[in-house]
Amino acid sequence: MFTLPQKDFSAPTTCLGPACMQDLGSSHGDDLEGECSRKLDQKLPELPGVGDSAMFSPDTSYLSSRGRMIKWFWDSAEEGYRTYHMDEYDENKNPSGIINLGVSENKLCFDLLSWRLSQSDMQRVEPSLLQYADWRGHLFLREEVAKFLSFYCKSPAPLRPENECEKEAVCVIMCASVKYNIRGPALIPRMKTKHRIYYITLFSIVLLGLIATGMFQFWPHSIESSNDWNVEKRSVRDVPVVRLPADSPIPERGDLSCRMHTCFDVYRCGFNPKNKIKVYIYALKKYVDDFGVPVSNTISREYNELLTAISDSDYYTDDINRACLFVPSIDVLNQNTLRIKETAQALAQLSRWDRGTNHLLFNMLPGGPPDYNTALDVPRDRALLAGGGFSTWTYRQGYDVSIPVYSPLSAEVDLPEKGPGPRRYFLISSQVGLHPEYREDLEALQVKHGESVLVLDKCTNLSEGGLSIRKRCHKHQVFDYPQVLQEATFCVVLRGARLGQAILSDVLQAGCVPVVIADSYILPFSEVLDWKRASVVVPEEKMSDVYSILQSIPQRQIEEMQRQARWFWEAYFQSIKAIALATLQIINDRIYPYAAISYEEWNDPPAVKWGSVSNPLFLPLIPPQSQGFTAIVLTYDRVESLFRVITEVSKVPSLSKLLVVWNNQNKNPPEDSLWPKIRVPLKVVRTAENKLSNRFFPYDEIETEAVLAIDDDIIMLTSDELQFGYEVWREFPDRLVGYPGRLHLWDHEMNKWKYESEWTNEVSMVLTGAAFYHKYFNYLYTYKMPGDIKNWVDAHMNCEDIAMNFLVANVTGKAVIKVTPRKKFKCPECTAIDGLSLDQTHMVERSECINKFASVFGTMPLKVVEHRADPVLYKDDFPEKLKSFPNIGSL
Amino acid sequence: MQSWRRRKSLWLILSASWLLLVLLGGFSLLRLALPSRPRPGAPQGWPRWLDAELLQSFSQAGELPEDAASPQAPHGGSCNWGACFDTSKCRGDGLKVFVYPASGPISETHHRILASIEGSRFHTFSPAGACLLLLLSLDAQTGECSSMPLQWNRGRNHLVLRLHPAPCPKTFQLGQAMVAEASPTVDSFRPGFDVALPFLPEAHPLRGGAPGQLQQHSPQPGITLLALEEERGGWRTADTGSSACPWDARCEQDPGPGQTQRGETLPNATFCLISGHRPEAASRFLQALQVLAALQEMSPARVLALRQQTQFLWDAYFSSVEKVIHTTLEVIQDRIFGTSAHPSLLWNSPPGALLALSTFSTSPQDFPFYHLQQGSRPEGRFSALIWVGPPGQPPLKLIQAVAGSQHCAQILVLWSNERPLPSSWPETAMPLTVIDGHRKVSDRFFPYSTIRTDAILSLDARSSLSTSEVDFAFVVWQSFPERMVGFLTSSHFWDEAHGGWGYTAERTNEFSMVLTTAAFYHRYYHTLFTHSLPKALRTLADEAPTCVDVLMNFLVAAVTKLPPIKVPYGKQRQEAAPLASGGPGPRSKPQAAAPDCVNQIAAAFGHMPLLSSRLRLDPVLFKDPVSVQRKKYRSLEKP
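Protein chains in written order, with this note's numbering: chain A, 9 to 899; chain B, 63 to 701.
Be aware that a few hints might be false.
[Stated by the list, open to error] What follows is a list of derived Cβ distance ranges for each label pair:
1. B:272 x A:260: 49 to 59 Å
2. A:853 x B:275: 44 to 54 Å
3. A:248 x B:118: 17 to 27 Å
4. A:619 x B:334: 53 to 63 Å
Quick caveat, the hints were computed from the structure, so don't treat them as lab data.
All values derive from a computational prediction rather than experimental measurement.
Where a beta carbon is used, it is the ideal one built from N, C-alpha and C, also for glycine.
Could you build all of it, start to finish, from the sequences and the hints given here?
Following this line, the structure appears as structure tokens:
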């Protein structure tokens, strides 16, 4: 009877004991890490190679070599299946009872196919086969399909080929089933051709049906919305009309003392694990007074966009009972287009109005002639106002939100980003309708500073029309607006009748640094945006000094401001959607402050975010020595060596706990009585799976900040060396502090990274076979490792240390610290089997890890340094007995 | 047999699929077939209007730019910065502060505040030259209220410092004066104009102050999550074990578990809940449980960041009266500076705005502290600054050695002795500048405008270094641009016998200072040394030259809160070293003076900032048993 490969699995590729590293003469692989010995040791459940002749049963001697191979696969598959049935419910006792479906035929088909494809007639392909005459596919194919389906599916009338295959899906399925016919014996049993066709047909239809169903299930909106388009969707003019009686209630005027904790009901927002507020939008109505005269324009284009943006966002809910913020569909963006009292009445009759609690109104153009209030005049009680022209007098800090005045030009004009740097004009003013006093001041500046200042006005000689807003004039020179803004370094944004000016948006778009001259103006989103980085605010009475104020700004800062201005526009000004979402995010941050977006996230342009590192352990702090460290020993089953490590490590004075991670599920750890008796608590953690990442799990048992990761075969480190390593870690608690150092190099020939373990003058990694680090990195490794690196490491049983080096270097931006001199690795049990080649494959694997991780991280975070840490008096001419760490570097 | 079994299972799969298809597809078909009605529960977003494209814009064309213009001065009951502060007075020397002298007896806190202002670089004795006039609003205890000062001028450019929440009855209108007080109310506080202060207890130290008590970055496992402030200084703890209340349902439970700790000591908890109001204890406990629920959701990364930030803020701005007052003045100075104020990063990351002077630069990259956040790297070049003291020998050999370094950008010779300048200097490829010093030791740390690189190699003419020592030390400095990297070290220790700090330059297993007679550091420390240290300390250094090393080390340690770094130094010279005989050298006479200056400087700093290190950074292959040919810094190993 043929034995199972798993059962028969034995020595050839494994390593016996801890000793497969050898080759003392060679310059690498000879120190204490024993990287490979551990790896191989734990790689036990490995499948044997195909060419392993010992695996073939003797009765196949009549077959050819390929036949034998197939037979072997076939038998092993059957064997597994039978074994499974012998004891099908016990996966522990019967781990090899697996079903191996159809591997052989796959292989056979592949061979046949590749043989066929390599024939000479395959070199040429009929041109007609290479191109689709018609996007719906070949007619002949469709005819075939039509015939086929008409017949087999008992179509009442013959299908027409033109209609067939309209959906690509059919073709795909046909192709797929044809493909399966060739390569998928597991899905299609061997049977007569006729039956096979039946089978394929049925299967295709089922698949087709499933796909179509899936489309219905997963794209309900597209189908339903097209469905109720006719029913539900109408023109804005057809919305229901609501008549407001003249004596219907009016809300109180806005309460200036409102704050989030007094006027906002946070309990309505509930505790939400996703930390997102839920926003409800009232249905659109048309409000008319007693005489049928509308209260306002039903809705403006921008307000419709705004509500659409909210409705499409994560904030939206259609359930009024779950909402915590209510947005009326009554459009108050521009106060001039509405009747104040009636609009207020309309607000008051909203179903959840409740004095305006948790209601949010958007307004960009507040006030009206002659005195232009800086906030919306519509009485609104406690409602929050997102307003576009707040002054310090009307703005309720921490309650209202200051938003930009949207510039419709943003959508019309595409101004490509212009790099920062000096521009033609130093200062430009492009506003029209400025107060004569201001204009005089500006013109005085122009006279004084000549060419570098440009003051523009509207063009009087142009015919009136839509285009005139896109032109500006200076004397008889005509300039395109807003393009002219890109020619200036600084752009004046003066108050008009209103404080908020749409030109601010145009100026930012042009990457021009706004010079805001509007006393008491609350800049848009100033609650979160740092306007100092993107603008210059000048008091109105200092207007005549503007030029000298601006000239005192260093060029580097100006360039920074230009970049920042453009970024603000891109992120928060460029569309109504951007404005709406930023407003909701600000309110969201107030309600869930512990999940709020940070200053950096709001303000740093993407380029800065990419380049900068925010070290999670940024506080300079030397932890007290008394805390000690926890040693974590990862082991599989090398008990003898493990016990030696435990005994050695326990001699280190600062050790406070020892944790053994038992990674062997098939074997129990030794009895309690057999373990070495040490002075600190020793704890054994059994793992559920033999994974390398178990070594970096943030176990609750780790009570100290410092963790020493140590392999179960590192017996050559002295107590002095370990204690010194801990002292070094205390001075660099945010770094990996380890013993054997490694380097990554750029291989110019191969154009990729290379792993280096030679005696080099530089270090960029330390091996975690013996390294101190902060326990927080365990948390990061387990829960925050980017991409699939963690699984990749577990699957390959290698490179967990390189992954840790990448991770730490990436979050801290700092290099590792290698401690103490390089140590010769002396291994008494070493036997030199096949050392060199093993070593080489090892290096290749490690190089691959570096390349893989660099691509996942999107960068090479490792930092190269030329230093290592030694005790102050190391190798100094000084009495050894007076040195704190005399026993360092010795063998 | 076997193929039959396989086929059977396949048919089984097929029929299961059919069933699935019928179930799923049937429902969808049913749904399609039935006349669709608007269903009440179906999700409905904001409708896509048919005529959305035809809607009018909220502002008619031309309205935005055509705003009718009528500039009007803002009218309102309160002040803001632009309207109520006259910055023209501050144009000359920046912020200069005059403090009204106190009339009558003053309290201890009052005294400390006065002392901290007078010790600051902002202080002036002339009210006419000042741009800010500071009035200490009086202590409630003395019961006496100040009368309107002479230069009041409706409060313009005045700062009224109120120490106690309950001030005097208003004897005069505050008018345009700014108010700095603890716990201002939302109604009266004018953002961007007034300044909110922390409450200063009577016992708050004048300077220095206790460092933060955080000993480790992350919270200890199993520690209390939340402690709740109670009346009379007690604390109640709410643990993860306590039942957390959901947010929306208001808790109706009893105050349940949690112990009350009495006394002065702060609880050992990760978070402390401090509430401004004083409602009854039980409801506050419930409130705490709700907060607890939110805190439990917080990611470890955020907890870690918050812990460290509180500690940084305490150390940078709160721990002493001096820091609080200087922070207030710094805030006002930033308003005056406008565009050249501290960027947010400088305020909010170590070492803080008081130690990162915006007069040095407003670009974070120019400082040694922010390279990580800025994604920048320290420059690859250094300037050697050689101080030539009394004997006055041109340091020819030293110049050659330094000029040989590939990283050297320029050499500056600070000629600081009685002898005339030599007329000729050795030929080097490096630009060599000679500065005629003022014979003062503190000149060594003056921010000369001729220094063009960030890194400075500070040297004494009598030091001797080899080129590879210089090269290696500079490469190390690039990894630690905020620290001093030196060759020779000394240490401080607590001398029980004398009840004071001791100083030793003996070779020991640890060190806390590097000698500036041969050390790399960032040129920002010259600015800090000259502009932020109290004048008294600089005078001390001039009078006792041995102290200048100690002072510089104190300064850098106070900023970085880290020890300096030592690199290897050829030992034969170390034995013979005439190197440090001018400075506090080993086994030389000035050693006696050193402990004294350690104590004096520590007193002036208010605490002992020096920290000890037990390591030395060596080249990776230093003294390793490999061929010397493989080693980059092989001359460091010569016996």
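Exercise. Cβ-Cβ distance between residue 248 of chain A and residue 118 of chain B: within 17 to 27 Å?
Worked result: Since the Cβ atoms of residue 248 of chain A and residue 118 of chain B sit about 21 Å apart, the hinted range of 17 to 27 Å holds.
Problem set entry | Status of the given 53 to 63 Å range, CB of residue 334 of chain B versus CB of residue 619 of chain A | With a Cβ separation near 36 Å, residue 619 of chain A and residue 334 of chain B fall outside 53 to 63 Å, so the hint is violated.
Exercise. Honestly, do residue 272 of chain B and residue 260 of chain A meet the 49 to 59 Å range at C-beta?
Worked result: 50 Å, holds
Exercise. Honestly, do residue 853 of chain A and residue 275 of chain B meet the 44 to 54 Å range at C-beta?
Worked result: At roughly 47 Å between Cβ atoms, residue 275 of chain B and residue 853 of chain A fall inside 44 to 54 Å, so the hint holds.
Against the hints set out earlier in the document, a violation occurs for number 4 only.
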